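Asks: Letter by letter, the chains look like this.
Number of protein chains: 2
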Amino acid sequence: MKALLLVAHGSRRKQSNDEVVLLAERLRKNCSEQYNIIHAGFLELAETLIPDGIKKCADDGATSIIVLPYFLNSGRHVVEDIPNIVKDTSPHYPGIDIKIAQHLGASDLMMDLLISSANSTS
Amino acid sequence: MKALLLVAHGSRRKQSNDEVVLLAERLRKNCSEQYNIIHAGFLELAETLIPDGIKKCADDGATSIIVLPYFLNSGRHVVEDIPNIVKDTSPHYPGIDIKIAQHLGASDLMMDLLISSANSTS
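Protein chains in written order, with the numbering used here: chain R, 1 to 122; chain C, 1 to 122.
Hints listed in this document are in silico derivations from the structure and should not be mistaken for laboratory results.
You may find that some hints are simply not true.
[Said to hold, decoys possible] Coverage of chain C stretches by chain R, computed from C-beta distances (three or more under 8 angstroms per stretch; other residues unrestricted):
| no. | stretch |
| --- | --- |
| 1 | 9-15 |
| 2 | 28-36 |
| 3 | 78-86 |
[To be verified] Some residues of chain R that are not near chain C, with every Cβ distance over 12 angstroms (derived):
| no. | residue |
| --- | --- |
| 4 | Asn17 |
| 5 | Asp18 |
| 6 | Glu47 |
| 7 | Asp52 |
| 8 | Lys55 |
| 9 | Phe71 |
| 10 | Arg76 |
| 11 | Ser90 |
| 12 | Pro91 |
| 13 | His92 |
| 14 | Ala101 |
| 15 | Asp108 |
| 16 | Ala118 |
| 17 | Asn119 |
Note that the structure is a prediction, hence the values are computed from the model and not measured.
Beta carbons are placed, not taken as given, at the ideal position from N, Cα and C, and that holds for glycine.
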């Protein structure tokens, strides 16, 4: 059972957090063949926090979890905070393989996304 | 002469800003056929600010400028701040058609990008 945990920063603005939850729902509809379990999590300021997101995946029966940082820049949150939280949480789930994906901004597809967004205007 | 102004939030962390400038350089190398002029700009905290980015495009001979918000969420920055700055700056360039593209997070390709990033780990 493969799980995907989409992790955003979290905002004081509810609408921003709702967008991330909605994105996880869209992923769930579109990628259920690749990932049996998909949840959204937040680094701070919003529920569900990352450790609880990992617990949700585990409770759903995950045998592996990919933590996907929904961040554009490789800042402290991506380089330190998320890895540290995952490192602290992993020992509670010895039977689950938990890995962190590259953050969104590092994707090879970013060029295509930027050009597609730019062209959507003209 | 079509110009693309990639607009990020701007960070106190120099490396984050450098990543955006580097991304604009990569766009310049890959998309010079579609956009003759490509610059990076920032909403705050970093140079070049948006009005100066628009000026750079104008100085380079732009006849149209697409302002592309490098943001994941449709927060206040995307909905209010960037449009307001563009609205205030546009009258200084009456001969240039300045438009704002949808922010990155709204792209139809976001699903593909997320899945591609998740799969890069496994």
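Asks: Now tell me if each hint is right for this structure.
Replies: Status of the hints after comparison with the structure:
no.	hint	result
1	9-15	holds (count 3)
2	28-36	holds (count 4)
3	78-86	violated (count 0)
4	Asn17	violated, 9 angstroms
5	Asp18	violated, 10 angstroms
6	Glu47	holds, 17 angstroms
7	Asp52	holds, 20 angstroms
8	Lys55	holds, 20 angstroms
9	Phe71	violated, 8 angstroms
10	Arg76	violated, 7 angstroms
11	Ser90	holds, 15 angstroms
12	Pro91	holds, 20 angstroms
13	His92	holds, 20 angstroms
14	Ala101	violated, 4 angstroms
15	Asp108	violated, 7 angstroms
16	Ala118	violated, 5 angstroms
17	Asn119	violated, 7 angstroms
Checked against the numbered hints given earlier, this structure breaks hints 3, 4, 5, 9, 10, 14, 15, 16 and 17; the rest are met.
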